[in-house]
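**Q** Work the whole structure out from these sequences, hints included.
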Amino acid sequence: MARTVIDAHELSKTYTEGPVPVEAVKDVHLHIEAGEFIALVGPSGSGKTTLLNMIGGLDEPTKGKVVIDGTDITGMKENKLIDFRLRNIGFVFQAYNLIPVLTAEENIEFIMLLQGTDKDERKQRVQQLLEEVGLQGKGSSRPSELSGGQQQRVAVARALASKPKFVLADEPTANLDSTTAANLLDIMEKLNKEEGMTFVFSTHDPRVIQRARRVVTLVDGEIEKDEMVNEPMVD
Amino acid sequence: MMILKIAWRNIWRNRTRSLVLILSIVLGMWAGAFIMAFYWGMSKQQVDDTIQQNLSHIQFHHPDFRENFEAKYTIADGDQVVADLQQDKEVKAYSERVVCMAMAASASKSTGVTLYGIVPEQEDALTGLKEKLIAGDYFTGKKNEVVVGNKLAEKLHLDVRKKIVCTFQDEQGEIVSVALRVSGIFKTRNSRLEEGMIYMQQTDLSALLGTGNGIHEIAVLLADDQQVDAVTDQWKQDFPADDVESWKELSPELRLIVESFNQYMFIIIGIILLALLFGIINTMLMAILERTKELGVLMSVGLNKTKVFIMILLETVFIALVGGPLGLLLAWCTVQLTHSSGIDLSMYSKGLEEFGYASIVYPELGMSSYFSILIMVVAAALIASVFPAMRALKLKPVEAIRKI
Ligand SMILES: Nc1ncnc2c1ncn2[C@@H]1O[C@H](COP(=O)(O)OP(=O)(O)OP(=O)(O)O)[C@@H](O)[C@H]1O
Ligand SMILES: [Mg+2]
Chain A
1 MARTVIDAHE LSKTYTEGPV PVEAVKDVHL HIEAGEFIAL VGPSGSGKTT LLNMIGGLDE
61 PTKGKVVIDG TDITGMKENK LIDFRLRNIG FVFQAYNLIP VLTAEENIEF IMLLQGTDKD
121 ERKQRVQQLL EEVGLQGKGS SRPSELSGGQ QQRVAVARAL ASKPKFVLAD EPTANLDSTT
181 AANLLDIMEK LNKEEGMTFV FSTHDPRVIQ RARRVVTLVD GEIEKDEMVN EPMVD
Chain B
1 MMILKIAWRN IWRNRTRSLV LILSIVLGMW AGAFIMAFYW GMSKQQVDDT IQQNLSHIQF
61 HHPDFRENFE AKYTIADGDQ VVADLQQDKE VKAYSERVVC MAMAASASKS TGVTLYGIVP
121 EQEDALTGLK EKLIAGDYFT GKKNEVVVGN KLAEKLHLDV RKKIVCTFQD EQGEIVSVAL
181 RVSGIFKTRN SRLEEGMIYM QQTDLSALLG TGNGIHEIAV LLADDQQVDA VTDQWKQDFP
241 ADDVESWKEL SPELRLIVES FNQYMFIIIG IILLALLFGI INTMLMAILE RTKELGVLMS
301 VGLNKTKVFI MILLETVFIA LVGGPLGLLL AWCTVQLTHS SGIDLSMYSK GLEEFGYASI
361 VYPELGMSSY FSILIMVVAA ALIASVFPAM RALKLKPVEA IRKI
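Chains A and B are the protein sequences, given in the same order. Sequential numbering from 1 applies to the first sequence in our numbering. Sequential numbering from 1 applies to the second sequence in our numbering.
Because the hints were derived from the structure by calculation, they are not lab data. Take these hints with a grain of salt, some might be off.
Simulated coverage check for chain A against chain B, where a stretch passes if three residues somewhere in it have a Cβ under 8 Å from a Cβ of chain B [claimed, not checked]: (1) 51 to 62; (2) 80 to 89; (3) 105 to 118.
Here are the simulated EDC-like pairs of lysine to aspartate or glutamate, each with C-alpha atoms no more than 20 Å apart in a straight line [what the hints assert, rightly or not]: (4) B/K293 with A/E106; (5) B/K394 with A/E60; (6) B/K5 with A/E145; (7) B/K92 with B/D229.
Given the structure is predicted, the values throughout are model-derived calculations rather than measurements. Note that the Cβ used here is the ideal one computed from N, Cα and C, for glycine as well.
**A** In structure tokens:
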């Protein structure tokens with residue numbers, strides 16, 4: 001049996017900032033193993049973003065705990081948590097992923113610099129990652145000079161740069177047209193298959209859902225369905 | 001480091017806004033430094049003039065003489081002092097003076113003056129008195145001749161060859177009245193100095209006072225004005241019977257001008273920087289507000305709080321480091337330019353001369369002052385960045401990300 005990378009236990013989140021408390025996530029148990037390619041789906045407001053943020057250590061659960069590869073991150077001190085994210089989790093957001101004043105290369109390299117990777121390894125890995133996401137030769141472009149799809153591919157490359165335990169992607173294709181979206185999914189799938197990288201992404205897009213091998217459906221903050229849909233990978 | 005790169009490039013994202021801020025720093029520093037240079041030029045000239053024309057660097061007196069200027073208080077070991085001064089390599093020039101307070105009266109008016117009994121060559125070597133003459137001659141050798149300041153001449157309606165009657169007490173305390181003849185009139189840049197001064201031959205005045213060879217004052221100019229304090233201290237030890245005082249002790253007002261300059265500078269530059277501070281804070285706050293999402297992403301992917309803080313700090317300091325030196329460079333150029341030509345204030349200078357300021361100002365500012373100002377600019381930028389940086393730290397990545 002594969003290694004457990006994410007273990008969410010009795011996870012709940014209630015927002016109390018508004019006039020009425022909102023239970024965004026209710027008592028969620030989620031167990032994700034290394035090498036999974038898993039989609040989080042559900043209607044708008046069902047709690048996908050909230051759940052992903054808690055798993056990624058960006059948001060604190062009201063109840064329950066999140067264990068990442070054996071480390072309980074619930075209640076971790078902020079700076080420690082930032083460092084934990086840097087070393088263990090890759091993020092791809094819906095948009096504005098990249099630092100506009102840095103080139104594609106620099107955006108990727110930046111993460112490794114923060115990790116303290118030495119120069120030769122950084123340079124080599126940047127080129128390798130750009131190649132993997134099909135952007136060789138685009139390294140010195142600023143984000144504003146890249147298309148939306150290209151930007152998201154750089155974001156994926158950046159997420160992988162830190163050699164994370166898994167990549168969280170909250171609606172990574174929401175701003176992309178379907179061809180570009182398919183292209184991004186191809187790359188993610190390839191990285192999943194070839195390097196065994198774990199991907200957890202949320203989406204509304206049925207064509208993206210199709211590509212997942214495990215689909216978790218959230219409704220009103222609760223897991224309604226959790227099913228394996230495609231043939232599992234045989235290594 | 002990449003943070004440095006990001007901070008630097010961030011400045012140029014909103015070019016106009018950054019340029020406006022940089023320009024305001026440039027102008028502020030230019031104006032501030034120039035005002036200080038102007039003020040220092042003016043003060044320094046006053047100090048230099050007073051030293052050059054009147055006080056010199058160091059003076060010797062009988063310890064009681066300066067209390068009420070009685071003729072009997074001559075310097076006890078005057079000959080010894082003069083003999084030493086002649087040997088001393090630090091000494092550029094010196095003048096022995098017999099000094100006496102007097103009432104001077106012309107046909108129409110009278111006023112209080114100081115009579116200086118001098119050896120003409122000595123005094124000329126010390127103060128360049130001869131060159132300052134605008135009328136008449138510098139002592140022709142006749143008895144009871146005087147050289148008077150232009151201001152005094154105007155006041156008493158004197159002219160060359162005219163007579164002036166001076167009344168004073170001699171060594172015994174007897175009142176002496178004597179008619180003196182004007183042989184020359186001198187003019188200085190600083191009219192306050194010339195107003196109350198009358199020079200006459202030392203032999204004449206000594207005879208009138210009955211002080212024989214006695215000297216009341218020895219004024220000394222040193223070759224190097226940096227040595228004044230050291231030499232004064234040395235001479236205080238060497239001549240314990242006399243009062244040996246540097247110009248700073250002789251004229252506390254002048255000393256105050258010189259010593260309070262730095263305080264004035266901190267105050268004036270401080271006020272300018274305070275105004276700039278708000279501009280910097282405002283601009284940086286705007287910049288951070290615009291970048292909420294980006295900062296959220298940065299913190300999400302692993303930029304810790306210290307680094308976010310440093311990034312914003314650097315950004316502010318960079319702006320100051322572009323604007324500050326540019327403004328100071330501009331100020332330096334302006335100062336160099338106006339220093340050689342001088343700024344003529346004679347249009348408004350009636351009042352200035354009265355107060356002992358010259359009518360042409362030569363702005364001047366030492367390198368260390370420019371440096372202090374630059375440090376102040378950077379310090380101000382650091383202070384200004386703290387508030388926006390704290391603001392950035394308060395950002396929660398989740399909330400910033402939510403806005404995407
Ligand atoms: N900061 C917040 N304060 C209060 N309520 C919030 C906050 N963030 C989210 N919510 C609420 O929590 C619930 C879950 O939101 P969440 O964003 O997780 O849903 P989602 O499935 O990601 O939706 P979408 O598909 O539209 O992105 C919603 O009802 C939302 O209104
Ligand atoms: Mg969402």
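**Q** A separate judgement is required for each hint: does it hold in the structure or not?
**A** Each hint tested on the structure:
1. 51 to 62: holds (count 4)
2. 80 to 89: holds (count 5)
3. 105 to 118: Answer holds; 7 residues pass the 8 Å Cβ test.
4. B/K293 with A/E106: Holds, because 19 Å separates the two Cα atoms, which is no more than 20 Å.
5. B/K394 with A/E60: holds (16 Å)
6. B/K5 with A/E145: Roughly 19 Å between the alpha carbons, so the hint for B/K5 and A/E145 holds.
7. B/K92 with B/D229: holds (16 Å)
Checked against the numbered hints given earlier, this structure breaks none of them.
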